[in-house]
Amino acid sequence: MVLKQQRGDCNDVLIIDASKGFEKIGKNNKLRSSDIKRIVDTVSARKNVDKFSRTVSREEIRKNDYNLNIPRYVDSSENAESWDIYASMFGGIPAKELDGLSTYWNAFPNLRSALFGDNGAEYVHFSVEDIKKAVHEHSDVTGFASLFETAFADLDTYLYDELIGCDQTAINTSKEESTLSDNIFARLADIPLVDVYEAYQILDNEWSRIAIDLEIIQTEGFGAARQVDPNMVIKRKDNKEIEVQEGWIGHVIPFGLVQSAYFFDELSKLNEYETRLSKIASEYEKLLDGLSEEDKSRAFVNDDKTAFVAAEVKKSIKVRDVEDEIIAVLKKYTDLAKEEKTLKKQIKEDNAALIIKTKAAIEQLTDEQIREFLKAKWITPVVTELFKLPVNIVNELISKLEVLSKKYETTFEEVDEEIKETEKSLCTMIDDLVGNDFDMQGLAELKKLLGGV
1 MVLKQQRGDC NDVLIIDASK GFEKIGKNNK LRSSDIKRIV DTVSARKNVD
51 KFSRTVSREE IRKNDYNLNI PRYVDSSENA ESWDIYASMF GGIPAKELDG
101 LSTYWNAFPN LRSALFGDNG AEYVHFSVED IKKAVHEHSD VTGFASLFET
151 AFADLDTYLY DELIGCDQTA INTSKEESTL SDNIFARLAD IPLVDVYEAY
201 QILDNEWSRI AIDLEIIQTE GFGAARQVDP NMVIKRKDNK EIEVQEGWIG
251 HVIPFGLVQS AYFFDELSKL NEYETRLSKI ASEYEKLLDG LSEEDKSRAF
301 VNDDKTAFVA AEVKKSIKVR DVEDEIIAVL KKYTDLAKEE KTLKKQIKED
351 NAALIIKTKA AIEQLTDEQI REFLKAKWIT PVVTELFKLP VNIVNELISK
401 LEVLSKKYET TFEEVDEEIK ETEKSLCTMI DDLVGNDFDM QGLAELKKLL
451 GGV
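Numbering (the working numbering), first residue to last: 1 to 453.
Since the hints were made in silico from the structure, they are not lab data. Heads up, a few of these hints could be off.
[What the hints assert, rightly or not] For lysine-lysine, the following DSS-like pairs were computed, each having C-alpha atoms within a straight-line distance of at most 27 Å:
no.	residue 1	residue 2
1	Lys341	Lys286
2	Lys359	Lys296
3	Lys51	Lys305
4	Lys269	Lys406
5	Lys315	Lys345
6	Lys96	Lys296
7	Lys348	Lys359
8	Lys331	Lys235
9	Lys96	Lys338
10	Lys377	Lys357
11	Lys235	Lys96
12	Lys237	Lys279
13	Lys269	Lys279
14	Lys132	Lys448
15	Lys359	Lys24
16	Lys315	Lys286
17	Lys344	Lys332
18	Lys406	Lys377
19	Lys331	Lys279
20	Lys305	Lys318
21	Lys27	Lys63
22	Lys296	Lys269
23	Lys345	Lys359
24	Lys279	Lys240
25	Lys96	Lys237
26	Lys400	Lys133
27	Lys332	Lys305
28	Lys332	Lys296
29	Lys315	Lys296
30	Lys279	Lys305
31	Lys269	Lys357
32	Lys420	Lys400
33	Lys47	Lys27
34	Lys338	Lys286
35	Lys331	Lys341
36	Lys341	Lys305
37	Lys286	Lys296
38	Lys315	Lys338
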């Protein structure tokens with residue numbers, strides 16, 4: 001609820017229910033930047049937004065005995081799912097439930113008639129076999145995608161000019177995000193369905209990193225992008241926490257970007273090793289799962305029964321009375337352990353060598369190379385995520401249509417028939433059962449309940 005000390009001629013109160021816009025951080029709900037901007041924009045324009053805000057007259061507040069409980073004035077609750085009795089009995093999709101997707105039909109005016117063959121009827125049926133394919137290939141949907149692509153075609157160029165290909169010392173980091181968001185909002189002005197605040201959040205998710213980098217460049221100079229810093233980590237030694245160096249990190253340019261661009265083969269090989277390590281861990285689990293509970297109680301498995309004990313495995317292999325199948329498991333474990341040890345050593349050595357190469361590469365970057373890496377770090381993530389918005393919208397529509405398709409797919413009559421068939425099958429099976437007098441009396445009563453004679 002927004003109240004002003006100097007109200008002028010205003011005779012109403014703007015009430016906002018922002019309870020649905022937040023992100024969960026631990027046990028707490030935190031407003032995102034986009035949630036705050038949505039509130040600020042709504043207050044500035046005093047907008048009435050369905051399920052979010054409403055200007056309420058003093059008269060209405062008086063009628064409610066000055067009760068300012070927000071849900072009295074703004075209903076932000078989701079519509080409860082309803083089940084149509086006719087469709088449940090006879091099938092078909094109620095037209096009124098399709099009407100609930102009106103925002104999509106308004107954006108795709110010809111799609112509804114293309115998907116349903118009996119439009120105008122109270123209950124309709126899909127006229128297409130593959131809903132997903134039909135939606136994606138419809139001209140309204142492809143036109144929507146093209147409209148978005150056209151509007152954002154030069155966004156990466158615009159962002160580059162605003163953030164990189166300019167005098168970066170002149171950028172006001174406290175105002176630049178607003179400038180960029182205004183540009184994105186303008187591009188979305190004629191595009192339906194896309195939530196501008198979702199687009200804003202995509203920009204804001206990256207902006208904190210961009211702003212920090214810009215401030216470094218502004219205070220330390222463009223050459224700061226060639227700087228690497230010791231990667232300091234906290235480790236425990238002699239029951240004390242100490243800070244030690246563990247490799248290097250880029251002051252501005254991330255090692256990962258440089259490695260992907262210049263040392264792809266080395267990075268791929270390291271990833272292969274890491275993948276194999278994770279598979280070895282899975283193979284350990286399979287070996288343990290293959291043991292009986294009795295075998296897991298032996299010395300070569302730890303007390304928690306979650307891992308092998310290497311020293312005991314080595315001893316058990318030499319014991320003569322250990323079963324052959326157990327010996328095979330222990331030898332397999334030994335082979336895996338040797339491979340794991342070799343891999344870890346190789347990963348440590350290769351990673352150290354790659355870090356040295358990456359450090360040298362960053363320190364020797366040209367200005368143009370730095371700009372390309374800044375583009376990859378700052379701009380590419382924003383553009384990539386923005387271009388997912390129309391795709392997500394179409395996929396959301398498809399998901400809702402598929403849910404509706406399945407909702408009334410099986411009628412109560414068909415369910416009833418299935419129940420009767422199952423009861424009949426059970427009665428037949430009961431006839432084949434044998435037992436003492438009490439068992440047979442119980443089975444006879446069950447057969448009666450199932451409708452058998």
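How the hints compare with the structure:
1. The hinted pair formed by lysine 341 and lysine 286 meets the criterion: a straight-line CA distance of about 19 Å does not exceed 27 Å.
2. With a C-alpha separation of about 48 Å, the suggested pairing of lysine 359 with lysine 296 is violated against the 27 Å cut-off.
3. With a C-alpha separation of about 54 Å, the suggested pair lysine 51 and lysine 305 falls outside the 27 Å cut-off, and the hint is violated.
4. The hinted pair formed by lysine 269 and lysine 406 fails the criterion: a straight-line CA distance of about 46 Å is larger than 27 Å.
5. For a cut-off of 27 Å, the pair hint linking lysine 315 to lysine 345 stands: about 25 Å separates their Cα positions.
6. For the given pair, lysine 96 sits about 60 Å from lysine 296 by alpha-carbon distance, which is inconsistent with the 27 Å threshold.
7. Among the hinted pairs, lysine 348 with lysine 359 is consistent with the structure: their alpha-carbon atoms are about 17 Å apart, no more than 27 Å.
8. Restraint check for lysine 331 and lysine 235: the C-alpha separation of about 35 Å exceeds 27 Å, so the hint is violated.
9. Restraint check for lysine 96 and lysine 338: not satisfied, since their Cα atoms lie roughly 65 Å apart, outside the 27 Å limit.
10. Proposed proximity of lysine 377 and lysine 357 is supported: the alpha carbons are some 20 Å apart, at most 27 Å.
11. For the hint linking lysine 235 to lysine 96, the alpha-carbon distance of about 62 Å lies beyond 27 Å, and the restraint is violated.
12. Of the pairs offered as hints, the one joining lysine 237 and lysine 279 is violated, with about 31 Å between alpha carbons and a cut-off of 27 Å exceeded.
13. Proximity of lysine 269 to lysine 279 is assessed by CA-CA distance (about 15 Å); at most 27 Å being required, the pair is judged to hold.
14. About 47 Å separates the Cα atoms of lysine 132 and lysine 448, which puts this hinted pair outside 27 Å; it is violated.
15. As the CA atoms of lysine 359 and lysine 24 are separated by approximately 37 Å, the hinted pair breaks the 27 Å bound.
16. Pair hint lysine 315 plus lysine 286 holds up; C-alpha atoms about 21 Å apart against a cutoff of 27 Å.
17. As the CA atoms of lysine 344 and lysine 332 are separated by approximately 18 Å, the hinted pair is consistent with the 27 Å bound.
18. At roughly 43 Å between alpha-carbon atoms, lysine 406 and lysine 377 are farther apart than 27 Å, so this suggested pair is violated.
19. A C-alpha spacing of about 17 Å is found between lysine 331 and lysine 279, which places the hinted pair at or below 27 Å, so the restraint holds.
20. Straight-line distance between C-alpha atoms of lysine 305 and lysine 318 comes to about 22 Å, which keeps the hinted pair within the 27 Å bound.
21. For the hint pairing lysine 27 with lysine 63, the CA-to-CA distance comes to about 38 Å; that exceeds 27 Å, so the pair is violated.
22. At most 27 Å may separate the alpha-carbon atoms for a hinted pair to count; lysine 296 and lysine 269 exceed this at roughly 36 Å.
23. Taken as a hint, the lysine 345 and lysine 359 pair is honoured in the structure, with Cα atoms around 21 Å apart against an allowance of 27 Å.
24. Between lysine 279 and lysine 240, the direct Cα distance comes to roughly 34 Å. Violation of the 27 Å bound is thereby established for this hinted pair.
25. Taken as a hint, the lysine 96 and lysine 237 pair is broken in the structure, with Cα atoms around 68 Å apart against an allowance of 27 Å.
26. Simply put, lysine 400 and lysine 133 have alpha-carbon atoms about 14 Å apart, close enough for the 27 Å limit, and the pair holds.
27. With a C-alpha separation of about 18 Å, the suggested pair lysine 332 and lysine 305 falls inside the 27 Å cut-off, and the hint holds.
28. For the proposed pair lysine 332 and lysine 296, the alpha carbon gap of about 16 Å is at most 27 Å, so the pair holds.
29. Restraint check: the Cα-Cα separation between lysine 315 and lysine 296 comes to about 16 Å, which is no more than 27 Å; the hinted pair holds.
30. Pair hint lysine 279 plus lysine 305 holds up; C-alpha atoms about 20 Å apart against a cutoff of 27 Å.
31. Between lysine 269 and lysine 357, the direct Cα distance comes to roughly 15 Å. Compliance with the 27 Å bound is thereby established for this hinted pair.
32. For the given pair, lysine 420 sits about 32 Å from lysine 400 by alpha-carbon distance, which is inconsistent with the 27 Å threshold.
33. Taken as a hint, the lysine 47 and lysine 27 pair is broken in the structure, with Cα atoms around 32 Å apart against an allowance of 27 Å.
34. The suggested pairing of lysine 338 with lysine 286 holds, with an alpha-carbon distance near 17 Å, which does not exceed 27 Å.
35. The straight-line distance between the Cα atoms of lysine 331 and lysine 341 is roughly 15 Å, inside the 27 Å bound, and the hint therefore holds.
36. Only pairs whose Cα atoms come within 27 Å are accepted, and lysine 341 paired with lysine 305 is accepted, the gap being roughly 22 Å.
37. Between lysine 286 and lysine 296 the CA atoms are separated by roughly 13 Å; this keeps the pair inside 27 Å, and the hint holds.
38. A distance of roughly 16 Å separates the Cα atoms of lysine 315 and lysine 338; the hinted pair therefore holds under the 27 Å criterion.
In summary, the numbered hints that this structure violates are 2, 3, 4, 6, 8, 9, 11, 12, 14, 15, 18, 21, 22, 24, 25, 32, 33.
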